[in-house]
Every structure is written in structure tokens, then in C-alpha cells.
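Mind docking chain B on chain A? Use the hints.
2 protein chains.
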Amino acid sequence: MKFATYRNGTRDGQLMVVSRDLTKAVAVPALAVTLQEVLDDWEGIAPELQTVYTALNNGELDDAVAFDESLCESPLPRAYQWADGSAYVNHVELVRRARNAEMPPSFWTDPLMYQGGSDDFLGPKDTIEMGDTSWGIDFEGEIAIITDDVPMGVEAADAGQYIRLLMLVNDVSLRGLIPNELGKGFGFFQSKPSSSFSPVAVTPDELGDAWRDNKVHLPLLSEYNGEAFGKPNAGEDMTFDFAQLVAHAAKTRHLSAGAIIGSGTVSNKQGTDHGSAIAEGGVGYSCIAEVRMIETIRDGKPTTGFMQFGDTIKIEMKDNDGASIFGSIEQKVLQYQAD
Amino acid sequence: MKFATYRNGTRDGQLMVVSRDLTKAVAVPALAVTLQEVLDDWEGIAPELQTVYTALNNGELDDAVAFDESLCESPLPRAYQWADGSAYVNHVELVRRARNAEMPPSFWTDPLMYQGGSDDFLGPKDTIEMGDTSWGIDFEGEIAIITDDVPMGVEAADAGQYIRLLMLVNDVSLRGLIPNELGKGFGFFQSKPSSSFSPVAVTPDELGDAWRDNKVHLPLLSEYNGEAFGKPNAGEDMTFDFAQLVAHAAKTRHLSAGAIIGSGTVSNKQGTDHGSAIAEGGVGYSCIAEVRMIETIRDGKPTTGFMQFGDTIKIEMKDNDGASIFGSIEQKVLQYQAD
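Listed in order, the protein sequences are those of chains A and B.
Heads up, the first sequence is in this note's numbering, so the first residue is 58 and it goes up one at a time.
Heads up, the second sequence is in this note's numbering, so the first residue is 58 and it goes up one at a time.
Hints listed in this document are in silico derivations from the structure and should not be mistaken for laboratory results.
Just so it is clear, the structure is predicted and the values come from calculations on it, not from any experiment.
Treat each hint with caution, since some may be false.
No more than 27 Å apart at the CA atoms, straight line, and that leaves these computed lysine-lysine pairs for DSS-like [what the hints assert, rightly or not]:
| id | chain 1 | residue 1 | chain 2 | residue 2 |
| --- | --- | --- | --- | --- |
| 1 | B | Lys308 | A | Lys182 |
| 2 | B | Lys308 | A | Lys389 |
| 3 | B | Lys308 | A | Lys308 |
| 4 | B | Lys358 | A | Lys241 |
| 5 | A | Lys326 | B | Lys81 |
| 6 | A | Lys241 | B | Lys308 |
| 7 | B | Lys241 | A | Lys308 |
| 8 | A | Lys241 | B | Lys241 |
| 9 | B | Lys389 | A | Lys308 |
| 10 | B | Lys308 | A | Lys371 |
| 11 | A | Lys358 | B | Lys241 |
Chain A extracted, bound-state conformation (with noise of 0.2 Å):
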């Protein structure tokens, strides 16, 4: 199944079923009117959702419209959980060299998980609004899930069976203010602003054979500036699968229905000692960081710069016919004017 939420005005949206190719939606406001209603009582209402979305597909409902993606918000406008992992390991390596430190053995086999906070998700097509390019602005395209209730202690083996959905997101990132939170100690707070996520949030059956082992076996395509930044298969290279990173996230705590948890920047480590640029014949990238870190570690210091107002993000992903999965996430990065 897949679904959107459209804007109407309230602050969670209006549920929408969306055809399989994303052209038709149809609302359901006898089975719920939110997609955290959905989640709430996943196995009371899927079964009916699913009738649905049949019909739908096979264009028997009267009622549909044509989906319209710049309608949407992201699937859960707003929402109880996010936790951000970072699984492409990867990535966090090349963090640490670029700046010569080491990255402890440990963080192959413990994953990293930020706390995001999750009261006001961006749209997918929202402007990214900051007050100052001197923070760094940043995108990182990543996959999420949403879970079902999943009890505290689950074991990694067990977790997989709570994954109810799966989604992009772009998590910006404001990467002039990460070393100073950072060195706090407390973690990301202002350097993690609000997130976006693709307009549709799919069931992982969608994914036929490319969803296998907890992880989503396809190119995540990024998009900086209208040139091609990065096409890193997301199955690759990912540490950590999903079900381990939900088992992380329920270790001293239950999981709510509707919890989302993220993979962290998706990055393929491609047979190099540093990967390469889409230009250069590589897979890319997933954030600018990355491609900063592998200037650092080559000519000693970064030439791209971090995004500027005007500039703009499109990250999607799409199936192996060549079709978008989850719509795209299309952002521009513009100054904020308080009211």
C-alpha cells in the first residue's frame, strides 16, 4: 500500500491512499482521517486500507482524484518519535579521517542513533527556511521506516516484523553548528532543524525483492542544483539493517505506533579508499559533508561549499522500471523572515 497525507488546513492532514503509480488517491474518511490513526490500530484498519488501495489500483473508485504531490505534507506532519541512525558506517568513518581521528572499533558493531525532534516535519516540497548560510546548511538523504508498537528488549532477530512503512527524508543538517553541540556533550539540537520526508510512505511489499534482510536494495537518488549528486545503493554497505536499529532504539524504552527511525545519510564506501563523484563515474553522494570530507582527506581541504540560498535538493528513489517509488522530496533552500 502506499499513502500520502494532503494538506487541509489541520495540523495532521488529510490521509490519502495513493495508487501504486502514483497516479490516483483517494481519501478514506470512513476507515481513518490521519495516517497516525492508521498506525494507531495498523492491524484493525490495514486489512479494510487494502481493499481499498486493490480497487484503487485497478481504477474502480469513483471517488478518486489524480494525486498531486506538491499537495502533500509529509506523511506524518507531525510525529511521537524520530530516532536518526547512522548505519552507512561508511560515512562516519570518513568523518573521522578527515579530521585524523580514529573511529573506535566499537562503532561497527554498536550503532550511532540521534534523538531528532519531531513536532514540525517540513513538507516534501516545503522551502528549507534558515536565518544564516553561515551555519552550514546541508541535506542528507536517508530511508526511514515507521513502526508499529514494538515492546522494549526486542531482540534484532525479532524487530523486523514491527517495520510497517518506509520513506526518504531529507535530514537537514546545520553543519556549522554540529562541532560546538557537539562538544557539549548533550548531542544535535539546533543543528538538526526540522526534517522532510517523501510524499508517500509505502508498505515494504512495494518493494518486491528489493526490500531483503531489513535494508532497501536500490539507488537513493540525490539531486543538487538540478545536476546528479548521488545514486548510492541503500542496501549496500548499511551496517546496521532496520530491525537492528529498532532493536537499538528499544532497549530501555517501548516503541509508540508510528515511531520513525532513520538510516542515517546513505553512502556506498565504492571500492575506494575515498569514493568517487558521479562525475568522476562514481555512485556520489547523499550530503555535501561527504564530498567536504573527501576534498579534506585528498587536497587537504574543502572546496564545495555548503547549500545557499537559491539552491535547491531533489532526492527520490525509483524502482528498476525506472518509476518513482515514494514521489520526491524537491526543497529550496530560502532565508527565514520571522513574522
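Using the frame of chain A, we list chain B on its own:
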């Protein structure tokens, strides 16, 4: 006004308006079913709730029931945002001194704040179920506020106006997991399991003169295993007031209605180098870790242990007439057993 949330088998519970003296309560389904609904439209709903509250206090409501704290969940059983400051810098300085580390001077001007998880709060009388006492189970007595929508970039001087409600918090912490987790650089996650909140959330005007300068000028009472453990005044030694904490949280993001911002562990400097326990004539502490730091500074090592299975913690605040303002958090630590 005073509000509580009764368990009713739903995820968000049943909003109850509670009388000032905590003896009576009434449901207001015609106005709002949950506290989040009220926060989502404070301007629209609060005036009508004020009318109900006045009538309840005057004993004019036939449908009022006896208020029962044991039926309460946390006022927001789950929330979209829980950000916890560490505004009593004395507490932070002690932590550092206990490990012979200097505290950066910026800590007196730039608030510490961590992003907490908010999808599964404990109720005020719920057991704290943990897998292992070697995790170093500790309580942290704190004050928290709940905001209305707050615009990104708000100045501290303007931020106080967005404070709608106040609560007490037990920010349960797992001290044994903190060093490894902070050492990884991404902040707290597993070391900060579900927090619990006082049965009742109150509007700032309920505190009368005790609410001024965006601080609560009353002692926070902690009772550990039935013995008085702390009574520091929450209005003293609070380096950053709640307006400053809100402004810090909103620097790079909007905050959505219902965002909870915590003060951090309430701690008084007590005019000595290392504070004093209540038995020594001092005001004591709001967490065990602080006692251990004092012991470490004084004796070279800590002698007080963290919480064991069966231990209890009670956190409460009384007005100048000795009446409980928020009701009490009363929790017992138990061994977690997976279902």
C-alpha cells in the same frame, strides 16, 4: 487552570479539568477529549475551559467526580516534542568537578539541552521497569513547561508568552549507559528512557507570585524510599529561565503546540562548595548522581548506590500553605519482564 489525563484505554486518554485543591475533576468532552486538542487550539478552547474551571472550584458542577491521581497518565501520555535543558548549571559544574574536568565558561551563557523521546511517557504512578540495575537507574526531579506554537528565532524576551502549562518531571536516567553513549558523540538515547510527569499540569497563574521571571520559586520535594531527599528551590540557581530555554529550542526550528521543555535537574548551590544533604541541614538533591558527585569530591569516591528494584521515588511541589500543586509523581523501580 489545572488539567489531568485519565486512562481510558486510548493512547491519549481522557482530559479532565481538575479543581485547584485537587479534590474534584470533570470531563469536558464537548470542549476537548484530550489535552493535546486543547493545546492545538488554546486561544479557542481555553476561555471555555476557564468557565468550567471556575464552576468546578465553586462546586457548581453536578457531573464532577472525586479527583483520583491513581487514574492519571502523564498529562500528555505521548507528545510531539520533549526537549530537556540543564538550566541549573551548578549541577553541571558538579558533574565536571567530580571527574576533574573543567566546565567551559560558555556553559554559563549557552544552555545545555538534549532532545528527548516523547512517544511513550510513563504515568505519574507507573512503575519504572528496567532490565538491569547495572544500568545505574536514577531519578531526576525537574520542572517542565508546555508551549503553544513558538515561531523559529523567537527572542528570549518574547518567548515567555508562549508558555501555557507547567508540570513536574521525573527524567529517569541510566547513569551507567551515559558515558559510553556520550562518548559516541550523538548524545543521549538509551540512557534516557521514558520520563514521567506529575498527574496535573497547571497554568502559570496558578502559581501566583511563585511564578515570576519565567521561573518557579518554590522548593521541589523529592522523597527517596520514604525519606526526604531534596527540597531545593526551583527559582534559585536557575541560570537559564524557561523563556531562555524556549528561545534556545526554537533557534533553528518552529516549536509546535504541546512542546514540552524541561529545566534539567533542580539543584541549589547552597553557599558551600559542594551542597548539603537534608540530614546535614541543607536542601539536599533532586537526583542520586549529585550525591555521588559530592561524595566523590569530598571522599574520593561515591558511596551512595543508584536505584535498586523495589526502590521508590516521590516528587512533589507544595504551595506556601502546604497544598500540593501538581499532585505527586510516585514510582517504584521493578525488573522489566518482556511479555
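Taking 27 Å as the top limit, are the C-alpha atoms of Lys241(B) and Lys308(A) close enough? holds, 17 Å
Please work out if Lys241(A) and Lys241(B) have their alpha carbons no farther apart than 27 Å. At roughly 13 Å apart (the allowed maximum being 27 Å), Lys241(B) and Lys241(A) satisfy the hint.
For the pair supplied as a hint, Lys326(A) and Lys81(B), is the alpha-carbon distance within the 27 Å limit? violated, 63 Å
If you draw a straight line from the CA of Lys308(B) to the CA of Lys182(A), is it 27 Å or shorter? With a Cα-Cα distance of about 22 Å, the restraint between Lys308(B) and Lys182(A) holds, given a limit of 27 Å.
For the pair supplied as a hint, Lys389(B) and Lys308(A), confirm whether the alpha-carbon distance does not exceed 27 Å. holds, 20 Å
Between Lys308(B) and Lys308(A), is the straight-line Cα distance small enough, at 27 Å or below? violated, 31 Å
Given hint Lys389(A) paired with Lys308(B) - CA-CA distance at most 27 Å: Holds, at about 20 Å.
Starting from Lys358(A), check that the Cα of Lys241(B) is at most 27 Å away, please. holds, 25 Å
Within 27 Å, alpha carbon to alpha carbon, are Lys241(A) and Lys308(B)? holds, 17 Å
Verify the proposed pairing of Lys308(B) with Lys371(A), using a straight-line Cα cut of 27 Å. Distance of about 25 Å is within 27 Å: holds.
Would the pair Lys358(B) and Lys241(A) pass a check requiring their Cα atoms to be no farther apart than 27 Å? At roughly 25 Å apart (the allowed maximum being 27 Å), Lys241(A) and Lys358(B) satisfy the hint.
In this structure, the earlier hints numbered 3, 5 are contradicted, and the remaining ones agree with it.
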